[in-house]
Amino acid sequence: MPDGAKTIRIEVLRYQPGERQEPYAEVFEIPFTHDMSVLEGLQYVKDNLDGSLTYRWSCRMAICGSCGMMIDGKPRLACRTFLRDFEGTVRVEALAHFPIERDLVVDASDFVEKLPRIRPWIEARAPRDLAQGEYLQTPDELARYEQFSHCINCMLCYAACPQYGLDPKFIGPGLIALLHRYNQDSRDAAAGKRNELVHADEGVWSCTAVGYCSEVCPKQVDPASAVNRNKTASALDWFARFLPGRG
Amino acid sequence: MVRRTYTRPMEGWWRRDPFFVRYMAREATSLFVELYALILLAGVVSLARGPAAYEAWLAWLASPFAILLHVLLFFVFAYHTLSWFRIMPKTMPPVVVAGRAVGPRAITGAGVAAAVAASLAFVAVVAALAP
Amino acid sequence: MQVFDADVVIVGAGGAGLRAAIAVAESDPRLAVALVSKVYPMRSHTVAAEGGSAGVVLPEDSLEHHFNDTVSGGDWLCDQDAVEFFVSQCTREMVQLEHWGCPWSRRPDGRVNVRAFGGMKIERTWFAADLTGFHMLHTLFQTSLKYPSIRRFDEHFACELLVDGGRAQGVVAAEVSTGELVSIHGRAVVIATGGAGRVFRENTNGGIVTGDGMALAYRRGVPLRDMEFVQYHPTCMPGTGLLFTEACRGEGGILVNKEGYRYLQDYGLGPPDPWPRKKAMELGPRDRLSQAFWHEERKGRTVDTPHGPAVHLDLRHLGDAKLRERLPQIREMALEYLAIDPALAPIPVRPAVHYTMGGIPTDAQGATRLAGLFAAGECASSGIHGANRLGSNSLAELCVFGKAAGEGAARFARGADAPGGSTLRWQEQDAATRAFAPLQGPAQGEALATLRREMAQSMERGCGIYRTAAELEATCLKLAELKERAARVSLKDRAQAWNTEWLGALELGYQLDVAQAMAHSALARRESRGAHQRLDGFTQRDDAQYLKHTLAWHAGAEAPRVTYSEVVITRSPPGERIYGKADPAHA
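Protein chains in written order, with this note's numbering: chain A, 1 to 247; chain B, 248 to 378; chain C, 379 to 965.
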């Protein structure tokens with residue numbers, strides 16, 4: 001390490017299934033510069049101190065969603081969290097509410113397996129041939145769902161959601177936001193099918209409006225809004241079945 | 248090769264982050280709302296039982312303990328109201344006024360202002376009716 | 379080793395791989411598709427592409443114009459039959475994506491909007507804010523979930539291509555979570571594993587872009603074509619190499635040196651006004667802009683930053699509102715990583731490696747010269763980019779050739795026998811031995827990070843924007859040395875489950891092979907064309923000797939063998955690349 005370089009300590013919650021039964025903390029001291037991200041800090045550790053430190057990463061620019069983890073107790077993307085914002089020791093742990101596979105890698109299969117259940121594809125309201133060109137969609141119609149289409153599947157919102165942590169049957173904030181994105185898309189007609197999941201216990205009714213999901217979302221998707229807006233719709237739908245002509 | 252994942256316990260989850268502590272406080276305020284409802288219910292029941300019972304209830308309300316309780320309840324209700332309006336924007340579809348989207352802080356502010364105005368109006372009415 | 383049987387095996391689940399999978403599923407739902415990827419599909423590097431995807435729509439535009447822009451952009455090294463096929467399919471594929479839900483940015487009347495892009499005569503770049511690759515990838519991934527015939531092998535790292543009887547018959551892959559190897563058999567194989575930009579030091583690429591599929595085919599006797607053509611994107615963040623999309627310039631951004639001077643006018647791209655103007659100044663092709671930076675640095679006119687020299691990308695005149703609407707991700711990146719608000723201050727940028735024009739050679743239908751093997755996307759050399767790729771042709775390529783390769787693979791699979799040759803079991807065992815070798819390396823050997831760093835630094839020096847024989851030869855020697863040292867890599871991590879250090883060692887092996895193909899191909903091409911520019915006497919384009927494709931052939935421990943193949947010229951005889959005022963269209 002060069003003389004006079006600033007250093008910082010990274011405390012990682014390690015877990016190696018073959019070796020110890022329980023996770024344990026390990027501290028690494030590394031030199032750092034003003035613009036180094038936590039991800040770059042972890043890379044320094046892996047390249048120079050301990051090659052067995054394991055974490056997911058790829059794009060380095062907060063768009064692939066790989067590097068979500070708990071940094072000083074909060075769900076953050078490691079590539080867009082900077083070491084300069086911490087004093088002394090940064091505590092790093094695998095994303096909360098998911099089982100740990102190894103070190104900072106979690107078992108993400110629950111999220112991935114739930115994805116098809118929300119029917120995240122267009123079922124066209126008025127199908128067109130390709131030769132007829134694109135569906136018309138005005139900038140206002142695009143604006144109705146665009147924000148919800150920004151989800152990078154980083155799962156920080158799942159780590160923020162205590163209801164998901166307490167009962168993983170809950171579909172969860174990110175996937176309900178994506179479901180809402182499709183329901184709001186003017187080209188789509190499958191809201192009725194998707195709403196069966198919305199109305200279910202594991203749909204919006206598992207949510208108690210904690211609101212932390214929207215706080216931690218790195219892309220301002222606002223999943224709390226997507227979920228809670230649908231509660232009103234879900235309740236009205238429930239009452240509407242008593243009206244003549246429905247139910 | 249055995250793959251063994253580790254599931255971390257959820258015990259004490261709400262103490263891990265100030266955001267969760269505030270959420271639990273918000274939820275806890277509803278218990279105090281329930282308590283106040285019971286006090287009012289006791290008043291209604293005592294009214295039905297006759298003037299002596301009603302006077303006893305009013306006397307209890309004037310006791311030091313009850314006054315302290317009501318002061319506590321006032322602050323709890325204030326937090327209850329504030330936190331309610333803080334989460335309200337999340338439950339609403341987008342609000343557009345004169346072509347521009349109304350942000351969540353404006354909605355919260357409007358709600359709190361309406362609650363304060365309603366409370367002041369109620370106090371004024373009660374004061375005017377007091378003998 | 380567990381064996382899975384499929385009809386079509388697709389390696390890589392980015393834009394091209396997903397599009398191929400959907401194409402197989404739509405062409406015949408009875409064909410079983412195995413979609414193998416070392417990461418979850420939404421992490422594929424397609425996600426980072428920003429600016430847009432080309433497709434002719436405006437009435438004043440034509441396939442002819444798109445064809446000509448692409449061929450001249452590629453400095454006439456393009457296979458023109460492939461370009462003709464490509465431009466004829468782009469718009470249809472962009473409409474297909476729109477039908478699948480892609481949130482293209484719109485005009486007020488509800489039709490898709492298009493914007494200007496580098497090297498293109500007329501606006502034809504479809505865009506979804508500055509998140510085009512992200513939206514295309516998520517649209518394709520989510521749409522792929524509709525098809526029950528697509529079975530995904532997420533987080534499975536491809537270690538070997540199985541070849542028997544002169545046919546591709548599947549892959550051996552490591553299940554990352556356990557380290558167990560599995561064999562996935564198929565009657566046809568599509569490689570869609572992306573580029574190899576990580577062999578260089580400063581690049582826009584994610585960590586996964588390590589040339590895996592290119593190396594797997596290369597090691598099986600498939601040559602890699604035109605590997606010397608590596609694109610430097612002119613506007614990247616100094617240090618990290620993160621990309622500031624060409625759309626910044628499409629929307630009117632300008633590049634100035636430390637004197638505030640729009641220096642591109644000194645390099646045949648002017649005059650600076652009127653602005654903006656297609657194919658002029660900042661909307662010139664990427665190779666020219668990167669080369670201009672190199673010259674400005676030599677002249678001492680670049681800006682100093684903590685991460686080295688840079689120039690300024692000035693977007694202030696666009697205004698805050700337009701930045702938020704059209705370039706939101708750029709704005710966020712500048713704020714988060716550089717604490718710069720582009721509405722108030724210019725952004726320091728410089729060239730970094732971005733795209734691999736070369737790769738596995740294919741015909742216009744995505745078929746390689748190995749029967750049953752197809753390739754699509756950045757890992758392929760489809761012939762459309764030639765010596766320099768135009769921005770927004772790559773995202774379109776994913777769909778056009780992803781579909782072509784998928785359909786080609788489906789047709790081939792229907793007519794082929796199931797795999798089952800006697801040598802397959804033997805190949806699988808052999809693959810296991812090779813794959814596990816780094817885990818059995820010496821206790822005190824070479825450090826993985828050191829080897830990787832030395833490779834990247836050497837490639838930056840030898841295969842940079844401008845090249846010389848001396849530096850290329852030094853890089854070739856260095857790569858040979860690194861390959862030998864890599865056999866003695868010593869890993870700290872000896873576990874089998876979730877061992878990313880081990881996978882990193884396998885990736886280094888792929889990268890060294892691909893880097894060798896790049897360096898030796900560059901040394902052999904004694905001319906300057908497109909993104910391959912030399913300073914050592916071969917400073918001009920030499921059509922007489924080098925109007926041909928380079929082929930690099932794997933030779934084990936030896937240096938790759940270099941041969942050449944024909945470029946297909948149909949309608950456009952080689953001419954001069956004209957940008958700026960000299961273009962008669964601007965007269």
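Hints are computed from structural coordinates only; laboratory data are not their basis.
Built from N, CA and C at the ideal position, the CB exists for glycine as well.
Some hints could be false.
[Said to hold, decoys possible] Distance condition first, Cα-Cα at most 25 Å in a straight line; then the derived BS3-like pairs of lysine-lysine: (1) Lys636/C with Lys114/A; (2) Lys193/A with Lys524/C; (3) Lys169/A with Lys636/C; (4) Lys231/A with Lys169/A; (5) Lys524/C with Lys499/C.
[As the list claims (entries may be wrong)] To list a few chain A residues with every Cβ distance to chain C over 12 Å, as calculated: (6) Ala62; (7) Thr89; (8) Pro116; (9) Pro168; (10) Leu197.
So, going through the hints one by one against the coordinates:
{"no.": "1", "hint": "Lys636/C with Lys114/A", "verdict": "violated, 52 Å"}
{"no.": "2", "hint": "Lys193/A with Lys524/C", "verdict": "holds, 14 Å"}
{"no.": "3", "hint": "Lys169/A with Lys636/C", "verdict": "violated, 57 Å"}
{"no.": "4", "hint": "Lys231/A with Lys169/A", "verdict": "holds, 18 Å"}
{"no.": "5", "hint": "Lys524/C with Lys499/C", "verdict": "violated, 38 Å"}
{"no.": "6", "hint": "Ala62", "verdict": "violated, 8 Å"}
{"no.": "7", "hint": "Thr89", "verdict": "holds, 23 Å"}
{"no.": "8", "hint": "Pro116", "verdict": "violated, 4 Å"}
{"no.": "9", "hint": "Pro168", "verdict": "holds, 18 Å"}
{"no.": "10", "hint": "Leu197", "verdict": "holds, 14 Å"}
When each numbered hint is compared with the structure, violations occur for hints 1, 3, 5, 6, 8.
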